[in-house]
Amino acid sequence: MDDGNGGPGIRDAEGVRIEGISLSYGCAKILDGVSLAIRKGSVVTLVGPNGCGKTTLLKIINRLLKPDSGRVFVDGSDISKMSTHRLARIMGYVPQGHRTSFPFTVKEVVITGRMPYVPAFSTPGKEDIKKTEQVLSLIRIDRLSDHAYTQISGGERQLVMIARAMVQEPSVLLLDEPTSYLDFRNQIQTLKLIREISKSRDVTVIMTLHDPNHAMMFSDEVVLLRRLNGNGAGNVVASGSPEDAMTPQNIKSAYGVEVEIVDVKGRRLLMPI
Amino acid sequence: MYGSLSRWAKAPDGLCLSRFFWRRRALLVLFLLLPLPAFLLSMNVGTYPLSTTQLAEIVAARLMGHDTDLPQVYDTVIFNIRLPRILLAMLVGAALSISGATLQGIFRNPLVSPFILGLSSGAAFGAALAIAVFPQLPLQVGAFAFSMLAVGSAYLMAKRKGEVPVISLVLAGVVVSSVFGALLAIVQFAVDERSLQSIVYWNMGTLSTASWSKFYQAAPWVLIGCVVLLALRWRLNVLALGEEEARSVGMNLELYKFLFIVSSTLVASAVVSVAGIIGLVGLIIPHMVRMVFGPDHRILLPLSVTMGASFLVLVDDVARAAFSFEMPVGIITTLLGAPVFIYLLRKTRAGGWE
Ligand SMILES: Nc1ncnc2c1ncn2[C@@H]1O[C@H](COP(=O)(O)OP(=O)(O)OP(=O)(O)O)[C@@H](O)[C@H]1O
Ligand SMILES: [Mg+2]
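Line by line, the protein sequences are chains A and W.
Per the numbering used here, residue 1 is the first one in the first sequence, and the count goes up by one each step.
Per the numbering used here, residue 274 is the first one in the second sequence, and the count goes up by one each step.
Hint data in this document are derived by calculation from the structure and do not stem from the laboratory.
Every residue gets a Cβ at the ideal spot worked out from N, C-alpha and C, and that includes glycine.
Be a bit skeptical, because a hint or two may be false.
As the list claims (entries may be wrong) - With beta-carbon atoms standing in for the labels, derived distance ranges:
#, chain 1, residue 1, chain 2, residue 2, range
1, A, Ser-180, W, Leu-314, 52 to 60 Å
2, W, Arg-296, A, Glu-127, 25 to 33 Å
3, W, Phe-294, A, Pro-119, 24 to 32 Å
4, W, Asn-317, A, Phe-121, 48 to 56 Å
5, W, Ile-440, A, Ser-24, 19 to 27 Å
Bound conformation, chain W alone (with noise of 0.2 Å):
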């Protein structure tokens, strides 16, 4: 059902295999490695004039704890503008990544996102009320706390005798994403001109206002939950294959399964708290991997990880500088990626619900 390319690091004869073989291994850590190069470049781009000397200079005078004679704005545009929302730009891509991959093998279907069950609708509202119903209440933690609610609660609604079928998970998902539509569209309603503006901004999903603050509050969250994904993925190839399969060779299902819709929901919770909704990320990159590597977790995950970190970046570089405006990176990202999941769902039949 995939194209051949999946499978074209396995040629059946011997002698192709060992070449493929190699090719396969140094693509891996070309793939794995390719945060850093992204990094780099990024580190580069922007609309503050800076050429790479400059860059180099104040990054070199900053680690050794020298003076430099340039002026103290590069210092700032380095380290508090360009920095930031470079990391926070990876962590977005990562989580939603490796999210969007993990509820995928959950789910058996390629076109699952890390929005499926709710999340998004949850943190839409969540952030809504923040900005116009309780101005006290701080933005990042309403968006976060409905997040969870709302996977919670699809979570809930699906459960019946102990047991969390998939297919009443993606209906709960369904309804509670309606329920928390219709919720935003009150307060969309209620409110003055100025909170719906930004209700509406928040909703496009954006990097711009990056900050510190912003990073090292979902970072935490990103790392608990990725430690616990990477350690668990190979569980994610037993689940994948079915859940009776699963259950015949001692898979605990009911357990894995909240382990893994608990560690992905967070991941993308804290994310989005923080960039808004940045759509079809965790769709597009999880699918590009397998497409290269196959499905195989136990390599899927990790390189989800650094695919959509890198990936993500690169698209804020294009939100940052090519337009003579800031572009909403949650716009691009859309766009960009509407084409390629057509294609994903012509070429995969529906993605194959069992």
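Excised from the complex, chain A in its bound form (with noise of 0.2 Å):
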């Protein structure tokens, strides 16, 4: 596949960088000049006030929406000039929320994630099934299988979106607020989840969250994001290890809040003050 006419540094690149992105909603400007390069096999976290572009982000990424510039590379090729089917192999997106009118059982909802996979002409078949099942039971919805959709709660309709961004063995998870309406033991085993799955199958995961401290915990690199405000300074107020990013200053810019950090046998949690 052709990787566009970058240079040979990008050409080296593994993981997922990005370059340069910009968009606006009719005048709004929302993201500008964006970028970052997020190392293959690690977990990059965005977190950032409400409408600072996180999700808009995400669907830039897999080109769900288009920039107005800038350009995104997986592997060091240009995902513009991918086909549609070779980029949902490559990557799977959960939305930040998802319904439904039409009953369809989870397990109809999970397999629709083998759609890369399917010849047109075709239904799934018994290679694809067999993956919708063991993903069911590694995120452990297999009891919801025959379930209605439309039928189970919020954060059960989330795990089944994680489900179904899995069956589609993407080397990219894109997961927009995964844990939002997960209760207080799935939000941990979600999350330690999806590091375990980057970790042992080498993905690249990139997800938003909004608690600061899950971010710290269960991330590689966070990537800390502010609104913009005219006067100049992009969106991305640092980046990099947990630690470096999300500073009492840093998390002052992005949100206008003081925290404190308090250490709490060796590990390191953000409180308001």
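Dock the two chains into a complex; use the hints.
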């Protein structure tokens, strides 16, 4: 596949590389020249206030939105030059919220993730069904397989959509607030699972989370974003290891909230003052 | 949002599950084979008195190629009156149902009918033109061409920057329907009484003018459309989950929407052009199937075909035999369908537009 006309540095780069992404909705500029380099197999969390453009950025990475300028590379290839098919085999996306009007069963929903592997005039085969069942039990929602998707809880739906992205067997997984509807236990379990998947299968995970402590605990790197305020400062407040990115000063400039860091048995926690 | 019926086949505990599984399988086979008994029953129904044994004798004679001493008129009744009418009824029922099921999937709304994009208004106008203005234009051709034209213009109207948002499609369909409705009114206003009568009668939807030639005119289009729709039916599941969700698993959304709209329009236009506007079949049949088997289009589409075929042929039996005069079948389906529609409307919270 063509890898665009980027320089030799880009050619070698593994993982996801975002270069100078800008986007406006109408005349409201949301993202301004965002650049990030994300190592293959790492778990990267985008944090920032409501409306700062996290969802927008994830959609651009998955080509659901076209940026006004800038490019996204996965393992050195420009995604704007890939076929839809190829893109779907390397990237999975879990939207922030999802609803449907038809009561498909959980199994029927999850198996649609096999779309890029099922030939056009065909329906999913044994292999697809097997992979679907494996993922359902990996995420521990196999007991829900025959339930109607419209009749399970919001948190369960979220797990179903994660499963759907997993059967796509992507090497990059984009998750938009994967824990927003989950209970206390499921939040931790799901984040652990996401890490496990990332590490065991060398999957690059880019997700958004609202809890800065979760971001610190479960990410290799954190990208702290802010809303554009028109004074020329970009969206990225800080990016890097959780310790380096999530300092009280950075949090203050992203959210305008005072926090302090407390040490609990060697763990750093952010507490609002 | 659907009654508990839709999931009754999926009891949670294992023991029940296998029993329900087999019951579901049995029902599935039953629904798939239903056109057969419906066909046999319908062959026995009609105003011309003919016993089942006579029927069997004539059919056997025809199949074996030997002669019978029964009057020739029996043969005519069976092979030139009943058989084309029954086959046409089945074709129309199947076509309207699969078209409805498909469009409901694309629009993610169970209350959508095959006529949502202006197909019926276009057909009615085309038919009126052929009846009153251009008598040299065959009626079926006029109706077929204008129904395709109506849907095509709704599609193009809704298209912006290479995308066809579902909500724009619905609005474009409304506009196109009104425009063709107005054009039809002009024709109706201008023509003489006899033509007006034919136009009104055509609009009611009837199978009483069924013939082999009508069947052969519609069947190839229906066949082509159905083959495409059935082959792509799983893709409808992917599409029905939402456009963004479909795109994120690599579906070429606009291509598939286009294919589904073209095929379902082809199928429905072909039968509307020979049978007129038969209402609500395309709405209620997919719904009934969904209530029993759930929304999976892998099952929904084939069953819509068989159920639609059986339903319309049976309703047409009523139209043929229950009254002292021929009742247009479109009137019966609409009267039968309306209460079902209202029931569904209340039951499904207005279908949940996105
Ligand atoms: N389709 C759209 N049209 C116009 N403006 C939009 C659209 N989608 C998002 N926006 C605006 O763009 C900004 C960024 O939205 P985005 O959804 O990316 O935020 P976010 O960081 O994901 O927020 P949250 O934490 O609430 O999910 C918001 O101010 C939002 O109002
Ligand atoms: Mg968001």
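Would you pick out the hints that fail for this structure and give their numbers low to high?
-> 4
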